[in-house]
Structures are given as structure tokens and as C-alpha cells.
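Protein chains: 4
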Amino acid sequence: MYQLRPKPLAADVRASFLQKLEAWAQEFGGSWVPVKDDSQVLYFKGDAPQSALLALQQWPEVIAVVSENAPPFTVSEIANKRVVVQEAMFGAGAASIIAGPCSVEDYDSMLSIAQKLSNLGVRALRAGAFKPRTSPYAFQGLEEKGLEILSAVSKENGMAVVTEVLDPRDIEIVSQHAHMLQIGSRNMSNSALLKEVGQAGMPVLLKRGMASTIKEFLYAAEYVAVGGCEDILLCERGLRHFDPEVRNILDLSAVAILKQKTGLPVIVDPSHGTGRADIVPSMMCAAAAAGADGFLVEVHDKPQEAWSDANQAMSVDNFAQTLPRLDAVLSAFEKTFNPLLTK
Amino acid sequence: MYQLRPKPLAADVRASFLQKLEAWAQEFGGSWVPVKDDSQVLYFKGDAPQSALLALQQWPEVIAVVSENAPPFTVSEIANKRVVVQEAMFGAGAASIIAGPCSVEDYDSMLSIAQKLSNLGVRALRAGAFKPRTSPYAFQGLEEKGLEILSAVSKENGMAVVTEVLDPRDIEIVSQHAHMLQIGSRNMSNSALLKEVGQAGMPVLLKRGMASTIKEFLYAAEYVAVGGCEDILLCERGLRHFDPEVRNILDLSAVAILKQKTGLPVIVDPSHGTGRADIVPSMMCAAAAAGADGFLVEVHDKPQEAWSDANQAMSVDNFAQTLPRLDAVLSAFEKTFNPLLTK
Amino acid sequence: MYQLRPKPLAADVRASFLQKLEAWAQEFGGSWVPVKDDSQVLYFKGDAPQSALLALQQWPEVIAVVSENAPPFTVSEIANKRVVVQEAMFGAGAASIIAGPCSVEDYDSMLSIAQKLSNLGVRALRAGAFKPRTSPYAFQGLEEKGLEILSAVSKENGMAVVTEVLDPRDIEIVSQHAHMLQIGSRNMSNSALLKEVGQAGMPVLLKRGMASTIKEFLYAAEYVAVGGCEDILLCERGLRHFDPEVRNILDLSAVAILKQKTGLPVIVDPSHGTGRADIVPSMMCAAAAAGADGFLVEVHDKPQEAWSDANQAMSVDNFAQTLPRLDAVLSAFEKTFNPLLTK
Amino acid sequence: MYQLRPKPLAADVRASFLQKLEAWAQEFGGSWVPVKDDSQVLYFKGDAPQSALLALQQWPEVIAVVSENAPPFTVSEIANKRVVVQEAMFGAGAASIIAGPCSVEDYDSMLSIAQKLSNLGVRALRAGAFKPRTSPYAFQGLEEKGLEILSAVSKENGMAVVTEVLDPRDIEIVSQHAHMLQIGSRNMSNSALLKEVGQAGMPVLLKRGMASTIKEFLYAAEYVAVGGCEDILLCERGLRHFDPEVRNILDLSAVAILKQKTGLPVIVDPSHGTGRADIVPSMMCAAAAAGADGFLVEVHDKPQEAWSDANQAMSVDNFAQTLPRLDAVLSAFEKTFNPLLTK
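Residue numbers (my numbering), protein chains in the order written: chain A, 143 to 485; chain B, 143 to 485; chain C, 143 to 485; chain D, 143 to 485.
Simulated from the structure, these hints should not be mistaken for lab results.
Any given hint might turn out to be false.
If chains are identical, the list can't say which one is meant, so a pair holds when it fits in one copy or spans any two.
What the hints assert, rightly or not - When the alpha-carbon atoms are kept at most 35 Å apart in a straight line, the in silico DSBU-like pairs for lysine-lysine are as follows: (1) 258 - 477; (2) 444 - 357; (3) 223 - 297; (4) 337 - 401; (5) 162 - 403; (6) 403 - 444.
Put together the whole structure using the sequences plus the hints.
Below, the structure written as C-alpha cells:
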């Protein structure tokens with residue numbers, strides 16, 4: 143809805159354009175932020191007077207000069223994107239499930255759950271090694287040891303590893319073990335982390351903040367996209383709510399609206415989104431019918447013994463029973479469930 | 143989850159029980175609120191000392207003496223209820239649509255939309271004659287004239303009339319024209335109206351308040367049920383929200399939770415629930431997958447000319463296009479769409 | 143900000159104007175809603191075409207033809223209003239307290255608390271005789287018997303009675319015993335009740351709905367004002383909230399904003415507004431500093447034995463200890479606390 | 143309410159205790175998180191069986207073994223804390239104002255506003271050099287250049303510099319120029335940043351998240367405190383809200399509640415808390431009456447020309463006019479406004 147992706151300039155036109163631009167920027171003591179490398183959408187960071195900016199906008203090579211209130215160009219331009227993480231595929235007609243326990247606990251339990259999920263066709267494994275916790279006294283995750291367990295277990299089962307990164311300084315170590323970097327709800331507005339993760343050269347799973355508007359969510363994705371990453375999964379995971387009946391209120395209208403505003407795939411996390419394993423199956427089906435391209439769910443071998451978030455984790459049996467109905471709903475929307483296609 | 147419905151007492155036991163009870167009440171200058179006519183669940187309204195109430199609880203005929211914090215007994219006891227309004231059926235495997243414009247405008251436009259909806263299989267017609275409006279200067283509905291239009295039009299098309307009642311003093315006149323009385327969100331906590339509507343001898347469509355918890359919603363239904371009405375449709379219609387992207391946030395987790403707590407049918411109003419006709423089709427399908435037993439939707443011949451709520455009304459064409467997919471989702475959940483069965 | 147009050151027409155001009163208007167309305171089969179009896183602000187209810195309405199707006203006697211989106215004229219026009227209920231005064235430099243228990247329990251306890259409050263200078267007594275309760279099994283109030291207790295007790299202590307009315311059919315009986323009619327939060331959007339209470343010829347205490355915007359609150363007041371009542375106290379009483387730490391979140395910014403938008407006095411109910419008696423004193427002082435013209439507080443002789451809302455009722459001692467500091471804050475804002483002035 | 147601060151152990155008892163503890167930890171392959179250096183409140187990070195942990199709790203030197211659900215010990219133990227930042231003092235009877243523009247714009251405008259504020263008695267200057275913005279295209283702050291301007295301007299006026307840090311890697315550079323590190327709302331749940339800032343050896347201004355509970359806020363403070371910093375200012379700054387009338391809803395009940403749960407000083411930011419400069423004076427006074435120990439306000443030389451947040455910045459004149467009334471309210475609560483005391 144915002145802007146069509148501009149046609150690329152011919153190489154020589156582009157070179158001369160960038161030269162002119164550099165000179166212009168130098169005159170005003172500013173510089174250009176890379177909105178998109180190959181685009182003529184420009185964001186000038188500096189002190190140029192308004193009149194100069196308006197004049198700039200008249201240059202034939204320039205599509206738009208981005209101002210403070212510029213919309214999230216990049217994510218709006220992306221059309222019908224499929225994000226592929228090893229054998230798990232999301233978007234453009236494909237839907238997959240990322241499943242696993244809340245946190246990595248130990249090798250044996252991780253292996254056990256991964257094998258069961260893999261046998262059910264799950265191609266992406268989730269579990270936290272670095273855990274964002276409300277209390278500093280709550281279990282913070284096994285950190286690097288957890289990453290190693292995840293990595294070993296996923297290799298044995300041919301699954302992709304999706305895990306959270308909390309600190310820009312951890313991106314390197316997490317990237318060595320994971321196939322997709324997760325930004326959690328608590329960090330959706332952590333622009334320092336978003337900028338950095340967008341430059342890591344890996345797909346990113348971005349969760350919506352616990353009280354974020356859709357516009358803020360898209361801008362957070364734009365922070366990642368501006369860094370160069372377009373393999374972004376947007377994840378609705380429930381919003382702060384007044385009714386103690388649920389942990390959060392799951393916003394399925396967001397799925398339909400996000401799909402209108404961007405071609406990025408949208409997935410839903412009904413485990414955090416409701417905090418109740420008993421209604422997770424209903425909410426997975428509802429999300430599918432709302433247009434979701436995938437699911438992030440907590441599944442645990444022995445939910446009641448989980449180290450964190452015990453109430454919201456499904457058992458493997460309940461998870462398995464949900465799949466046929468979920469498949470039926472996805473089929474009604476011409477989606478292929480968990481397709482094993484080559485890129 | 144609260145209480146099993148007690149087995150009825152034998153007629154003679156019951157008679158003697160009620161006699162004893164009456165004497166007991168008289169002793170303390172109080173009386174019994176009819177929690178359920180045929181039940182031994184008692185609510186005493188009066189000044190009996192706590193010790194007497196505890197002694198009463200020991201009588202063999204008494205299941206429970208209801209206190210201030212008593213759960214919504216009646217609606218919790220109801221199991222797998224089907225509400226039938228003329229040819230429209232909700233619950234116990236049946237799902238129907240109540241459709242129509244926001245408000246009755248005039249005979250011709252009402253007839254036109256009713257015929258189109260009827261041809262698409264819709265068996266219940268909605269439209270406001272008494273309109274609850276934020277501003278006293280906004281159109282308040284055609285009132286009795288509107289009811290007459292609704293009544294005439296629905297007869298010609300064999301449809302049930304569902305319309306809102308705002309004032310206990312209007313129940314009589316509305317009942318003469320309608321087949322189901324609607325209590326709107328603004329009046330979910332209007333206990334005077336709830337008590338009265340429960341005694342009207344008609345099915346009731348009860349909409350959730352705009353910031354009500356599920357518990358409050360069930361208690362509102364209990365007010366209706368205590369009056370004697372068990373033909374209640376619970377309607378989720380969106381909650382107050384911080385994101386201007388939507389008018390309200392539709393709470394589909396409520397559908398799954400309500401279905402656990404009561405056997406009453408649950409329907410969803412995605413028109414008010416989102417305020418955006420463009421995502422109503424997605425939300426109808428999502429509601430079906432969440433377990434909804436029906437839908438309340440605004441459909442208008444010429445949405446942009448509607449006298450109220452123009453942005454959220456679907457066109458007849460969009461509505462028609464939604465039906466096949468909705469049917470597919472309902473089928474995946476073993477529901478019969480709009481069944482024409484006898485009771 | 144909306145409209146200045148128009149200058150009244152001379153009597154003869156007015157008569158001929160109304161005659162012309164009547165003829166005009168008859169032509170289109172509609173009628174006039176009395177926006178204000180003496181004003182030339184008109185609201186036409188009927189089927190006149192847009193062109194006729196525009197032509198009407200050109201008549202020299204007409205200030206405005208009110209449409210669907212008309213702002214709350216009447217309450218916006220009111221300037222620096224003082225509402226006087228017996229000896230309690232609110233607004234235009236006066237601030238008073240309405241205090242008492244949540245509900246009328248019995249004559250003796252009511253008398254005891256009233257005497258203590260009266261001795262502390264409180265001139266208005268609150269207590270519910272008709273109680274709006276979430277559960278039909280919760281104590282619904284002593285009803286008429288409660289009104290009689292209230293009336294007797296207040297006479298003995300020279301206090302005004304402020305009590306809630308839930309049903310348009312109860313206005314008559316409540317009016318016989320009370321000096322001010324209260325509309326509770328659950329009924330702020332009950333337009334049938336608002337319209338009727340505005341015609342009762344008594345001052346009205348209007349509480350904000352639990353999730354109402356300021357605009358909706360002002361329109362609710364407008365419903366009352368359109369009925370002829372301009373002695374309206376607006377009461378902020380807390381909004382639905384996600385943090386279980388408090389029962390509601392008290393919106394003190396609403397006090398400052400309401401005072402900009404209307405000259406009606408604004409009072410604050412920190413008892414319901416927080417649900418915690420321990421912070422009520424702080425919130426009374428904060429409300430005063432935000433510009434409040436009065437306070438509605440729950441005070442109980444033995445808070446822990448109250449029949450309803452025990453946690454939020456202050457003891458008489460705590461209430462008494464709050465008054466000197468509250469007085470100091472009011473003085474800093476040139477307000478006279480509880481002034482015993484003649485009208 | 144949680145735990146009294148334990149009496150310190152004698153030095154020799156402590157030494158032998160720590161030795162025993164170390165051995166115990168080694169046995170289970172874990173380690174101790176420093177809940178408090180000098181305390182016997184222990185948090186064990188490792189795999190010790192529950193039985194061993196229970197046995198440990200019986201040691202005479204041990205007060206408590208902190209578990210997952212441990213309350214925020216450290217911040218609960220702190221009593222009547224005064225935070226001193228150069229000449230600005232907060233808590234224990236002192237109240238100060240931190241004022242300035244939203245962001246550092248240039249040297250001249252910064253100097254001009256600082257001089258005016260300094261002349262009015264403001265001892266702490268705020269302005270963003272690193273700005274957390276929703277959009278990557280919005281002005282992100284002058285960064286290091288901004289810090290240098292802030293530093294220079296504050297030296298000339300004898301004011302403390304309070305400025306935000308967004309990234310753990312920026313703490314060092316920001317610390318060189320600032321006297322107090324601010325953690326903004328968007329980063330209240332950024333545990334990586336909280337941990338690091340608590341170890342920087344500087345006072346910390348911690349703002350509440352936009353939809354955080356009070357409990358979450360206290361745990362965020364605990365993250366900082368566990369790092370060694372007890373000079374923490376808690377700042378209420380408004381919560382996400384459904385009413386477009388304000389940018390956020392200011393939660394003044396939080397001030398009263400926080401003051402009960404911790405002895406840390408609590409300040410209020412009515413500029414972000416309402417987004418409306420016109421009601422900031424009222425809300426400053428209300429905050430003072432609710433018990434606030436200070437204020438964070440946006441003041442700009444020419445509000446309408448501000449580079450960011452123009453609507454919520456007060457002019458210097460309006461700010462100056464607010465001070466006498468604010469002083470009167472603080473006096474009513476035995477607080478000294480902006481005291482120039484020695485530590």
C-alpha cells in the first residue's frame with residue numbers, strides 16, 4: 143500500500159547518481175542511511191534545510207526522500223515472500239510448525255522431544271538457551287551449553303534450530319548453532335538488537351511486543367529489513383489483557399491485517415498467546431483459518447515437569463491429535479502443510 | 143465444572159421440602175430466590191444468621207445454599223444446548239448466520255437485503271429498530287415503525303427476526319415483532335434489563351460487554367437464566383483496544399473457553415468485533431475454527447450508504463463469496479451449516 | 143471548543159421561527175429533537191433529503207443543524223457550574239465529599255456511620271439500596287427498605303442522600319428518598335436510563351464506564367442534559383486494567399481534560415478507582431491537585447465486616463486523618479473545602 | 143514486606159560460611175548469584191537436587207535460598223533511599239526536577255534551554271543523544287556528538303546530565319558524559335541491558351514499560367540492583383491506553399503502591415505520561431500529592447519547533463508558572479523541593 147519497489151537504475155546511471163548524491167550530502171555535512179541498497183528511496187541524516195530536501199526530491203533518479211514519518215517501505219514492498227529455514231517453509235502457500243519446549247533443559251529430554259516431533263513431521267525445533275525472564279532469580283537458560291544441546295539434537299533429527307537472542311553481543315555465538323534467530327516480545331522495541339540482528343545474514347523470527355500496535359510491529363520489522371534481512375517471520379503472540387482467564391489475548395485479526403500490509407509470512411504462537419494448553423489446538427486451527435503461514439508452539443514430553451511455562455505446554459499426544467484437523471483447515475485455504483520442497 | 147444438576151426430588155418429597163423451607167424462611171423474615179425451579183440449590187434473601195444457613199445446608203434435600211460468591215450454576219449445568227429460532231439453529235452441531243444491516247432504514251431496502259440473504263440460505267435477519275448510540279444526536283432507530291418493517295419483511299422471506307431491546311419497558315412491544323431479543327454490549331451489565339428479558343419467554347442473544355471478563359459474561363447470562371430462559375446465545379463481539387487499526391479486538395480464545403464452561407451455543411460478531419469489512423471473511427472462518435456455533439454479521443446492499451457503521455458492513459457479494467470457505471471450515475469440525483431440521 | 147451558546151431569540155421571532163420549523167418538519171414527515179429548548183441548534187429526526195437540510199442551515203434563526211456526529215453541545219456550553227445538593231457543593235471553587243458505606247445494611251449501622259461522617263463535616267451520604275452486582279446471587283441491596291433507612295438517617299443528620307438507580311421504573315421511588323440520583327459505571331451506556339434520569343428534575347451523579355473514552359463519557363452526560371438536567375456531577379472511578387495490583391486504574395488525567403471540555407464539576411471515586419483503602423488517601427490528594435471538585439469515598443464503621451467491597455472501604459479514623467492534608471491541597475488550588483454557603 | 147535485611151555476619155563467620163558454601167556449590171557443579179554481597183540470601187544456579195537445597199536452607203548462616211519465584215529482595219529491603227545526582231536529590235524528603243528537551247538538537251539551543259532551566263533552580267538536565275524510535279527513519283539522535291553537547295552545556299550550568307542508553311555496548315561512552323543513565327520504557331524488559339547498567343557504577347533512572355505491571359517493574363529494578371546499583375530512580379511514565387484523548391494513561395496509583403513496596407524514590411514523567419503539555423502542570427501537582435519524589439518533564443525553548451514529541455513539551459514560561467503551585471503541594475507533604483544540601 144505504501145510504495146512500489148522502484149525499478150533499479152542502470153549501473154552507470156546509478157554510479158553517477160550516487161556520486162552526485164555524495165557531493166550533495168557532503169555540502170550539508172550529512173550522510174545517507176541505506177533504506178535499500180538498490181533503491182532510489184533515500185533517507186538523509188543531517189542538517190540539510192527543507193528547501194534543499196525538496197529540491198532533491200525533484201531529481202529524476204529519486205523516488206522519495208524519506209522523512210521522520212516515512213512508512214515501513216521495505217516490508218511493505220515485499221510480496222508473497224516464502225521464508226525457508228532448512229526444511230521448514232513459511233509463506234507463499236506453505237505452512238510449517240516450529241515446536242519444542244520453552245527452554246533447553248538437558249540433552250536427553252531435548253533429544254526425546256525432538257525425535258517425537260520429527261516423527262510427526264515437524265521440521266523446526268524451538269527451545270530457549272538464553273531466556274528473557276521477568277525475575278533475575280528465575281532460570282535464565284543454559285546459555286552456550288543449551289545452544290550446543292540444541293545444535294546436536296537438531297542435527298540428529300534433520301531439524302532447523304530456532305532460538306532467541308537477547309543481547310547484540312550474543313548474536314555471533316547464537317548464529318553458530320541456530321538456523322533462525324528469534325527476537326522475543328520483550329525486545330521488539332530494542333532497536334539496538336533489531337539493527338544488529340538484521341545484519342547477521344540469517345532468517346529472523348520477530349515476535350510482536352506485548353502491547354504493540356500493528357504499525358509499531360511493522361516498523362520493528364523494518365529495522366531488521368533495513369539491515370539487509372528480508373527473511374523475516376512475523377509472529378503474533380498475544381497482547382496484555384485484563385481478564386485473568388488467559389495469560390494474554392491472542393489477536394487473530396492481526397494476522398489478516400498484517401497479510402494485507404506486507405508479503406512477509408505471519409505465524410501465530412497460541413502457547414504464549416493464551417497461556418493455556420487446553421485451548422491451543424482450537425487457536426492453532428483458528429489462526430490457520432485467519433490466514434497464518436505457520437505456528438510456534440510449546441510441546442513438552444512431560445508438560446507438568448517443564449522448568450518454565452508448564453501450564454501452556456502441550457503434551458506430544460495432544461499435539462499429534464491436533465495435526466489432522468489443522469491440516470484440514472489449511473487445505474481449505476489452499477495451503478500445503480509443512481511442504482518438503484526444494485527451494 | 144461447577145455443579146452437576148441435582149436429581150429431581152420425588153413429587154411428595156419435594157412438596158414437603160418446600161413447605162419446611164417456607165417455614166424456615168418465614169422464621170427469619172426472608173424468602174427464596176428461584177435459582178432453579180426444580181432444584182435443591184437455594185439462594186436465601188434475608189437476615190438469617192450464618193449458623194442457621196449452615197444448619198440448613200445439612201438438610202438431606204439441600205444440595206447447596208448459594209452465597210454471594212456462588213458460581214453461575216444454571217449456565218454451567220446446561221449441556222450441549224441447541225437454540226432454535228424459527229429455522230435458524232445454533233449449537234449441538236448446528237451453525238447458522240444472523241445477517242442484515244446495522245439499522246432498519248426503510249421497507250424497500252430492508253426487503254431487498256432480506257430477499258438476497260434469504261436466497262443465500264440465511265434464516266435469521268438482524269437490524270436495529272431501537273439503536274444504542276454514543277451520541278444522543280446520532281440516529282436512534284425507527285423504533286416501532288422499524289419493528290413493523292422488520293416483521294413484515296421477515297414474514298415474506300420466512301426468516302426469524304433478531305433485534306435489540308434497550309429498555310425493560312420496550313420488551314413487550316419488541317416481543318410482538320421479534321423471534322429473539324438481543325441485549326447489546328452496552329447493556330450486558332444492565333441487570334434490570336437482564337432480569338426482565340429472562341422472563342419474556344423468548345430466546346435471548348446476549349452480547350459480551352466491551353471490556354467484560356468471561357466470568358462477568360457468564361454471570362450476565364446467569365441473570366437471564368435465573369429468570370427462566372435457557373435459550374441463550376452468547377456472542378463475542380470484540381473488546382476495547384489500544385490499536386486504532388481496528389475498532390475492537392476480537393477475542394476468539396473466548397469462544398473456546400466459553401464452550402468449556404457452558405453448553406450454551408457461542409456465536410461471533412466479526413463486524414463489530416473488528417470494525418473492518420475487509421477482514422470479516424477471515425474472522426468468520428477463524429471463529430468457526432475456534433468452535434463458534436454461529437455468526438452475527440452486518441451485510442448491507444450498499445455499505446457506503448448505510449445510516450450507521452458503514453465501514454464494517456459487508457456487501458452481499460462479499461458475503462456470498464465467504465460462504466463456501468466457511469462451510470468447508472465448519473465441515474472440518476463436524477458442524478452442519480444452517481441446517482433445516484425440525485426440533 | 144464546540145459552540146458558544148446562541149443568544150436567545152426574541153419571543154415573537156422565536157414563535158414564528160418554531161411555526162415555520164414545524165411546517166418544514168411536517169413537509170418531510172419528521173420532527174425536532176429538543177437539543178436545547180431555548181436554542182436554535184436543531185436536530186431533525188426524519189427523512190429530509192440532504193439538500194433540504196443544507197437549505198435549512200441557511201435560515202437566519204438557525205445556528206446549526208445537528209448531524210450524527212454533532213459534539214456534546216450542551217455540556218460543552220456549560221461554564222463554571224456549581225452543583226448544590228442540600229449543603230454539599232461542587233464546582234466553581236467549592237469541593238465536597240460524598241461518603242458512606244457501599245450498601246445500606248441496617249438502620250443502626252447506617253445511623254452510626256452517618257453521625258460520625260456528619261461530625262467530620264461530610265454533608266452528603268452515599269450508600270446503595272439498589273446494588274448493581276456481577277452475580278445474580280450476590281446481595282442486590284435492601285431496595286425500598288434501604289431507601290427508607292437512608293432517608294431517615296440523613297434527615298437526622300442534615301445530610302443529602304446520594305444513591306444509585308438501576309431501572310427507569312425505579313426513578314420515581316428513588317427520587318422520593320434521595321437528593322441526587324447516581325448512575326453507576328455499569329449503566330453509563332444505558333441510554334434508556336440516561337434519558338429518563340435527565341427528566342427527573344434532580345441532580346445527577348454520573349459515573350464513567352469502566353472502559354469508556356472521555357468523549358463517550360461526555361456524550362452520556364449529554365443524554366442527561368438533553369433531558370433538561372444541567373446539575374450533573376461527572377465522576378472518574380477507574381478503568382479496567384491488566385495489573386492485578388489494583389482493581390481499576392484511576393485516570394486522573396481525565397479530571398484535567400474534562401475540566402477543559404465542560405464547566406460541569408468533576409469528582410473522583412478513589413475507592414472503586416483503586417479497590418485499595420490503603421492508597422485512597424494518596425489518591426484523594428492527587429485528585430484534588432489534578433483539579434477535582436469533590437470526592438466519592440467508601441467509609442465503613444467496621445470495613446472488614448462490610449457486606450460488599452470490604453477491601454476498598456476506609457475506616458472512619460483513616461478518613462478523618464486524611465482531611466487536613468486534603469484541605470491543604472485544595473487550598474493550594476484556591477478551593478474551599480465543603481463550604482456551607484447559601485446558593 | 144518481603145524480607146528484612148539480615149544482620150551482617152561477623153567477618154570470620156562470614157569467611158568460613160563462604161568457604162563451606164563454595165564447597166557445597168562445587169559438589170553440585172553450580173555457582174552462586176550475588177543477590178547481595180553482604181547478605182545470606184542465596185541464589186544457586188546449577189543442578190542441585192531439591193533435597194540438598196532444603197538442607198542448605200537449614201544452615202544457621204542462611205536466611206533464604208532464592209527460588210524461581212523469589213520476590214525482588216534487594217529493592218524491597220531498601221529503606222527511605224535518597225538518590226543524589228550532583229546537586230539534584232530525590233527521596234527521603236527531597237524532590238527534584240529533571241527537565242529539558244526530548245532530544246539534543248544543537249549546542250546553541252541546548253545552552254539556551256539549560257541556562258533558563260538552571261535559573262529556575264533545575265539541577266538536572268535531560269535530553270536524548272541516543273533516541274529509541276518506533277521508525278528506523280525517524281531521527282535517531284546525535285549520538286556521541288549529542289553527548290558532547292550535553293556534557294559541555296551542563297558543565298557551564300552546574301547541572302547533572304541524565305540521558306538514555308540503548309545498547310550495552312554504549313554504556314561506556316555514555317557514562318563518560320552523563321551523571322545518570324536512563325533506561326527507557328522500550329527497554330524495561332531488556333534484561334541484557336539492565337544487568338549491564340547495574341554494574342556501571344552510576345545512578346540509574348528506570349522507566350516503567352508501556353504495559354508493565356508493578357511487579358514486573360520491581361523485578362526490572364531488581365535486575366539493576368543485583369548488579370550492584372542501589373541508586374535507582376523508578377519512573378512512572380504512563381501506560382498504553384484505548385482513549386485517543388491522551389498518548390498514554392498516567393498511573394498515579396503506581397506511585398503510592400511503589401512507595402509501599404520499596405524505599406527507592408519514585409518520580410513521574412507527565413510529558414510522556416499524557417502526551418499533552420496542556421495538562422502536564424496538573425499532572426505534576428497530582429503526582430506530588432500522590433507521593434512522587436521528583437519529576438521528569440520535557441521543556442523546550444520553542445515547543446512547536448522541537449525535532450521530536452513537539453506536542454508534549456512545555457514552554458519555559460509554562461514550566462516556570464507551574465513551580466510555585468508544585469512547591470505548595472510538596473510542602474503539604476513535608477517535602478523539600480530541589481534542596482541544595484550536601485550529601
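query: Can you give the numbers of the hints that this structure goes against, from lowest to highest?
result: none
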